[in-house]
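When you get a sec, could you build the whole thing from the sequences and use the hints?
Number of protein chains: 2
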Amino acid sequence: MATLFHYPFCPHSRFIRLVMAEMGLESALVEEKPWERRQEFLIMNPAGTLPVFLEEQGFAVPGPAVIAEYLDETRGLGLDGRRLLPDNPAARVEVRRLMDWFLTKFHEEVSSYLVTEKIYKRFIGVAAGGGPPDMSAIRAARVNVRYHLKYIGFLIARRNWLTGPDLTYADLAAAAHLSCVDYLGDVPWDEDETAKSWYARVKSRPSFRTLLADRVPGMPPAANYADLDF
Amino acid sequence: MATLFHYPFCPHSRFIRLVMAEMGLESALVEEKPWERRQEFLIMNPAGTLPVFLEEQGFAVPGPAVIAEYLDETRGLGLDGRRLLPDNPAARVEVRRLMDWFLTKFHEEVSSYLVTEKIYKRFIGVAAGGGPPDMSAIRAARVNVRYHLKYIGFLIARRNWLTGPDLTYADLAAAAHLSCVDYLGDVPWDEDETAKSWYARVKSRPSFRTLLADRVPGMPPAANYADLDF
Numbered sequence: 001m002a003t004l005f006h007y008p009f010c011p012h013s014r015f016i017r018l019v020m021a022e023m024g025l026e027s028a029l030v031e032e033k034p035w036e037r038r039q040e041f042l043i044m045n046p047a048g049t050l051p052v053f054l055e056e057q058g059f060a061v062p063g064p065a066v067i068a069e070y071l072d073e074t075r076g077l078g079l080d081g082r083r084l085l086p087d088n089p090a091a092r093v094e095v096r097r098l099m100d101w102f103l104t105k106f107h108e109e110v111s112s113y114l115v116t117e118k119i120y121k122r123f124i125g126v127a128a129g130g131g132p133p134d135m136s137a138i139r140a141a142r143v144n145v146r147y148h149l150k151y152i153g154f155l156i157a158r159r160n161w162l163t164g165p166d167l168t169y170a171d172l173a174a175a176a177h178l179s180c181v182d183y184l185g186d187v188p189w190d191e192d193e194t195a196k197s198w199y200a201r202v203k204s205r206p207s208f209r210t211l212l213a214d215r216v217p218g219m220p221p222a223a224n225y226a227d228l229d230f
Numbered sequence: 001m002a003t004l005f006h007y008p009f010c011p012h013s014r015f016i017r018l019v020m021a022e023m024g025l026e027s028a029l030v031e032e033k034p035w036e037r038r039q040e041f042l043i044m045n046p047a048g049t050l051p052v053f054l055e056e057q058g059f060a061v062p063g064p065a066v067i068a069e070y071l072d073e074t075r076g077l078g079l080d081g082r083r084l085l086p087d088n089p090a091a092r093v094e095v096r097r098l099m100d101w102f103l104t105k106f107h108e109e110v111s112s113y114l115v116t117e118k119i120y121k122r123f124i125g126v127a128a129g130g131g132p133p134d135m136s137a138i139r140a141a142r143v144n145v146r147y148h149l150k151y152i153g154f155l156i157a158r159r160n161w162l163t164g165p166d167l168t169y170a171d172l173a174a175a176a177h178l179s180c181v182d183y184l185g186d187v188p189w190d191e192d193e194t195a196k197s198w199y200a201r202v203k204s205r206p207s208f209r210t211l212l213a214d215r216v217p218g219m220p221p222a223a224n225y226a227d228l229d230f
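Residue numbers (the UniProt record's numbering), protein chains in the order written: chain Y, 1 to 230; chain F, 1 to 230.
None of these hints come from the bench; they were simulated from the model.
Think of the CB as a built atom: it goes at the ideal place given N, C-alpha and C, for glycine as much as any other residue.
Please note that a few of the clues may not be correct.
A short list of chain Y residues far from chain F (calculated; beta carbon distances all over 12 Å) [as the list claims (entries may be wrong)]:
| # | residue |
| --- | --- |
| 1 | Gly63 |
| 2 | Pro64 |
| 3 | Glu73 |
| 4 | Arg122 |
| 5 | Arg159 |
Per the computed footprint, the stretches of chain Y lying under chain F, defined by three or more beta-carbons under 8 Å from a beta-carbon of chain F, are [claimed, not checked]:
| # | region |
| --- | --- |
| 6 | 52-62 |
| 7 | 93-105 |
List time: in silico EDC-like cross-link candidates among lysine to aspartate or glutamate, alpha-carbon distance up to 20 Å [to be verified]:
| # | chain 1 | residue 1 | chain 2 | residue 2 |
| --- | --- | --- | --- | --- |
| 8 | F | Lys105 | Y | Glu36 |
| 9 | F | Lys105 | F | Glu117 |
| 10 | Y | Lys105 | F | Glu94 |
| 11 | F | Lys105 | Y | Glu55 |
Structure representation (structure tokens):
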């Protein structure tokens, strides 16, 4: 069986957990605290980032986009009509464009700030950069999340899923990142009913269940985090 | 003919210029100043980032990694033995891992700081965030570049090119980003002869010629920038 090295509130790790669940791909889950910079982990992924997918025979695949491409190439064709990266070159461009939007842009502008300041820094020693949250980073993220929500609403007003008629990697990347922000109560869902209805649809999928059961010790989720009719 | 929207000192744009030259793919080059946030450009790429590859029939492909995947899928098979993204899934993981290393990690830690502070801010109005460079960002980048150079040296001591026996996207991404830093004189080549010899090999390829001819108005390159025997 393969192994996924992940952290429950790392949004990139959540993306791959969703992908694997949608593919029906089972794996052992190993929690990794990336800030500990464990030697054996750095050998698998010198960048020191999560997640890392480890094949049973010992081959390591690091990083959310690289894992997504690899799983599509090694397992995606077996999914037939449910392939998460479509066949058509133009459709692939749109899926990769929006996957990158959430894995890179949304991460830089929203989810990395919030997860780092509100969650990671609780567990990282002060000497290693932990401690109380930087409120200016949190405020910036709360401003930024609003235009991303509008962009999702804009796309979903024109398409069934973010990139077209079918659910793809782009929806899973977006929902994974939003789910961390939602745990923290920082998604202003009332500002965009269309985006909210799309998230409710993704959140209702069986692949989402284990994410909704995750808890930060000593920090309960926002009221509607695990509520499917929020 | 296709069009590439680029900026001469945008390292991501340089990567795609190298890729296209290696593929023998001609295109019109249009210089885009991303900080101007031109309306027509934002319609092609809502993220507002460079480069954008525009097919003759009007289909836009945005972002360095998305363009690289698209060009491989639409033109790569025709390159036969010279394919820049290899066929084998494990080799593809290693190429994508290192391509991402330079397009994301090196960019965040080195090239984005230096290009933004030393070049972009000369041309951006003060009201829009331009003006004199932030010396602390420049100092951070100059520290960071050293361990990246060591990592290149470490890899090249074991392999012919960065990911294995053949030149791939990873070499072109790394060399494109380093070339911008090299223009500014901020690569301490003397610290790693192995990395330097690899860069000399990439730099000598015909695909590199137009990059070596680029000039920032009023800011000549470092002494050995265009020198193939530096």
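Consistency of the no-contact label for Glu73/Y, given chain F and a CB cut of 12 Å: Its Cβ does come within 12 Å of chain F, the nearest being 5 Å, so this is violated.
Coverage claim, chain F over the region 93-105 of chain Y, checked by counting residues with Cβ within 8 Å (three needed): This one holds; 7 residues, not fewer than the three required, reach chain F with a Cβ under 8 Å.
Non-interface label on Arg122/Y, tested against every C-beta of chain F at 12 Å: Given a closest Cβ separation of 24 Å, the condition holds.
Holds or violated: Lys105/F to Glu36/Y, with C-alpha atoms at most 20 Å apart: 19 Å, holds
Pair hint Lys105/F and Glu117/F, alpha-carbon separation not exceeding 20 Å: Between Lys105/F and Glu117/F the Cα gap is close to 18 Å, so the pair holds against 20 Å.
Hinted pair Lys105/Y and Glu94/F, Cα distance within 20 Å: Outside the cut-off at roughly 23 Å; violated.
Pairwise hint evaluation, Glu55/Y against Lys105/F, where the allowed Cα distance is 20 Å at most: Measuring from Cα to Cα gives roughly 25 Å; hence the hint is violated.
Given as non-interface: Gly63/Y, which should sit over 12 Å from chain F by C-beta: Contrary to the label, Gly63/Y does not stay out of reach of chain F, its closest Cβ about 6 Å off (not over 12 Å).
Interface exclusion of Arg159/Y relative to chain F, criterion Cβ beyond 12 Å: Per Cβ check, Arg159/Y is outside 12 Å of chain F; nearest 14 Å; holds.
Within 8 Å of chain F (C-beta), three or more residues of the region 52-62 of chain Y: Coverage by chain F holds here, the residue count being 3 at a Cβ distance below 8 Å.
Chain F versus Pro64/Y - minimum CB to CB distance exceeding 12 Å, so not interface: Given that some Cβ of chain F is not farther than 12 Å from that of Pro64/Y, nearest at about 10 Å, it is violated.
The structure shown violates the earlier hints numbered 1, 2, 3, 10 and 11.
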